[in-house]
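**Q** Here is what each chain is made of, one letter per residue.
Protein chains: 2
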Amino acid sequence: MSNFNSLAVEQMERRYRATFINSLLGFKYVTLVGTINEAGVTNLALFNSVFHLGANPPLLGMVVRPVRPENDTFNNIKATGQYTLNNVLPYFYKQAHQASAAYPSGVSEFEACGLTPHYEEDFKPPFVAEATIKLAMQLREIMPMQVNGTTIVIGEIMNIIMDDALIAADGYVDQMEAGTISVSGLDSYFTAQPLGRLPYAKP
Amino acid sequence: MSNFNSLAVEQMERRYRATFINSLLGFKYVTLVGTINEAGVTNLALFNSVFHLGANPPLLGMVVRPVRPENDTFNNIKATGQYTLNNVLPYFYKQAHQASAAYPSGVSEFEACGLTPHYEEDFKPPFVAEATIKLAMQLREIMPMQVNGTTIVIGEIMNIIMDDALIAADGYVDQMEAGTISVSGLDSYFTAQPLGRLPYAKP
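Going down the list, the protein sequences come from chains A and B. If you count the first sequence from 1, position 113 lands on 113 in our numbering, and the numbers rise without skipping. For any residue, its number in our numbering is found by taking its place in the second sequence, counting from 1, and adding 1000.
Careful, some of the hints might be misleading.
[As the list claims (entries may be wrong)] Calculated pairs, DSS-like style, for lysine-lysine (alpha carbon to alpha carbon, straight line, at most 30 Å):
1) B:1202 <-> A:78
2) A:94 <-> A:78
3) B:1078 <-> A:78
4) B:1094 <-> B:1078
5) B:1202 <-> A:202
6) A:94 <-> B:1202
Since the hints were made in silico from the structure, they are not lab data.
Here chain A stands alone, though its shape is the one from the complex (with noise of 0.2 Å):
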């Protein structure tokens, strides 16, 4: 067993730092954000750090990191007030993992990494069309992180477009089924294998 303390993660070379830390967290979500600006220009970008604040009403949060001004994500949820999230499923992660990449701003990540935009009436940012779960969100709170400079946006789960079968009769929505893959670190992707669900656990 190796200790690394505060000052030896401190002087780790740069990417391997952010190689290193971002991968301490074990398997995350990944999710493609689909974003549209006033011009009606479409973005996609990919995302680790998306987080469950609450059920009721339905929150989630995402972190954004220090925002260059030409963030195109960022910027268009500011502008339009709302963004989708997409689930990646194997046979796209490729595709999906290139959205990660800094394209120009103004070039649509749709057309670059070979997804397929799907609009749904009344709401102005396209879903992944390849995604079995959809969620078309609505920005509810900008908040800037003074301790190290990122923006942690949240926002609420306005409408659900997925298949009625994925869901089990007490709520449960399985991602197995829905063919939902994890993150680990910034670039190493995984399947699941079911080990067992649970009951409330009781004292």
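Using the hints, position chain B against chain A.
**A** Using the frame of chain A, we list chain B on its own:
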């Protein structure tokens, strides 16, 4: 394909909605949070909403649900400023899940669930001996969320205890090799199968 709009979600039965919304996000990091109070009573709780906030400094956030006065984890973190995060492995996932039960304040889940406390010099809270990746955390910020009464706790990774052999040449931590499991929803546990690690994406 079905659409579930926000009215449909609002009208769901309370527990059904919690199960449904919690299981929308795919496979998530699940961790045991170890704390200790000023009288030396230890506590262990299961969290599935820890997220990466930044690599430099290494910061993690986690969502604490609306705080009852007797929430040991939150009270202990506020009192000592310290906590531990410990990954979960298949051979003790049932004990880990049991730590999510509402034990009376003052009962240590280590004993109640059959897990082993492990201590490091100059750090008060217990780690889980059975975990293969142990993080020592220092409280940096407590953020009450007006939007739904939850609290986001921000902490800095001060120390990482793990086997060197888990770390690749570029800093990537091999969570498969570590035996880490993930959770879907509140109670469904999974191991991972590798799909592929991809190179840094460029336009």
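**Q** Straight-line Cα separation of residue 1202 of chain B and residue 78 of chain A no greater than 30 Å?
**A** 26 Å, holds
**Q** With a cut-off of 30 Å on the C-alpha distance, tell me whether residue 94 of chain A and residue 1202 of chain B pass.
**A** Distance of about 12 Å is within 30 Å: holds.
**Q** When you check the alpha-carbon spacing of residue 1202 of chain B and residue 202 of chain A, does it fall within 30 Å?
**A** Judged against 30 Å, a Cα distance of about 49 Å means the pair is violated.
**Q** Check whether the Cα positions of residue 1078 of chain B and residue 78 of chain A lie no farther apart than 30 Å.
**A** 34 Å, violated
**Q** Can the restraint linking residue 94 of chain A and residue 78 of chain A be considered satisfied, given a maximum Cα separation of 30 Å?
**A** Since the Cα atoms of residue 94 of chain A and residue 78 of chain A sit roughly 28 Å apart, the hinted pair holds (cutoff 30 Å).
**Q** Does residue 1078 of chain B sit within 30 Å of residue 1094 of chain B, going by the straight-line distance between their CA atoms?
**A** 28 Å, holds
Violated hints, listed in ascending order, are 3 and 5; each of the other numbered hints is respected by the structure.
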